[in-house]
Amino acid sequence: MSRGTRKTRNEVIWLAQARRAGRGRLPPRKPKGPSVAMLVIGGVLMGAGLGWFGPDLAQRFQSSWREVASPVAGDKLSARFGFCHVGGGADCVVDGDTFWFRGEKIRVMDIDAPETHGPRCAQEAALGARATQRLQQLMNAGPFSLESGDRETDRYGRALRVVTRGGQSIGEMLVAEGLAREWDGARHPWC
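Residue 18 in UniProt numbering sits at position 18 of the sequence shown, and the numbers go up by one each step.
Derived from the structure by calculation, the hints contain no laboratory data.
There's no promise every hint is true.
What follows is a list of derived Cβ distance ranges for each label pair [as the list claims (entries may be wrong)]:
(1) Pro-143 <-> Arg-120: 30 to 38 Å
(2) Asp-184 <-> Gly-157: 16 to 24 Å
(3) Ser-78 <-> Ala-122: 33 to 41 Å
(4) Gly-149 <-> Ser-78: 31 to 39 Å
(5) His-117 <-> Thr-153: 35 to 43 Å
(6) Glu-182 <-> Glu-152: 29 to 37 Å
These figures come from a predicted structure and were not determined experimentally.
C-beta atoms are modelled at their ideal positions from N, C-alpha and C, and glycine is treated no differently.
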């Protein structure tokens with residue numbers, strides 16, 4: 001059709017007609033598999049779901065909760081705690097006063113920590129993040145005990161426990177470090 005690099009008038013007309021008729025060009029490429037954006041969105045939603053509903057929902061119904069529910073003589077419990085909001089596994093810290101252990105969501109009974117989910121100001125968010133990190137460090141520092149109090153659960157269904165190591169309350173450690181307050185039965189603003 002062509003002589004060298006220049007096209008004749010007939011070749012130009014034929015190519016123009018072929019293009020208008022839909023011939024002479026390749027069909028549009030169809031993407032194969034999910035797009036990168038969809039994978040990122042899916043990952044974010046999964047991470048948010050773990051933080052909200054708790055990790056490994058099936059483990060919630062295992063019988064190991066009985067060991068957690070009653071006071072334990074000595075510090076015999078241990079786990080490697082991650083952060084729930086980034087897929088921390090079955091044992092993970094939700095915020096400065098709540099964590100998952102062996103499929104059960106536990107609220108540290110004797111403290112109130114700043115909110116990380118729906119903080120009312122930047123100061124509360126920053127302090128809540130520090131309290132969350134510190135609770136994770138304390139939970140990973142060695143064996144601990146969970147002790148029941150006068151109430152088994154709070155209004156959200158979380159098990160209420162005093163967390164101790166060597167007879168000292170981990171909640172009191174957070175209070176002493178300025179990362180939480182003693183729980184007096186009511187929420188008080190952090191802002």
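How the hints compare with the structure:
| no. | hint | verdict |
| --- | --- | --- |
| 1 | Pro-143 <-> Arg-120: 30 to 38 Å | 36 Å, holds |
| 2 | Asp-184 <-> Gly-157: 16 to 24 Å | 22 Å, holds |
| 3 | Ser-78 <-> Ala-122: 33 to 41 Å | 35 Å, holds |
| 4 | Gly-149 <-> Ser-78: 31 to 39 Å | 22 Å, violated |
| 5 | His-117 <-> Thr-153: 35 to 43 Å | 19 Å, violated |
| 6 | Glu-182 <-> Glu-152: 29 to 37 Å | 20 Å, violated |
Checked against the numbered hints given earlier, this structure breaks hints 4, 5 and 6; the rest are met.
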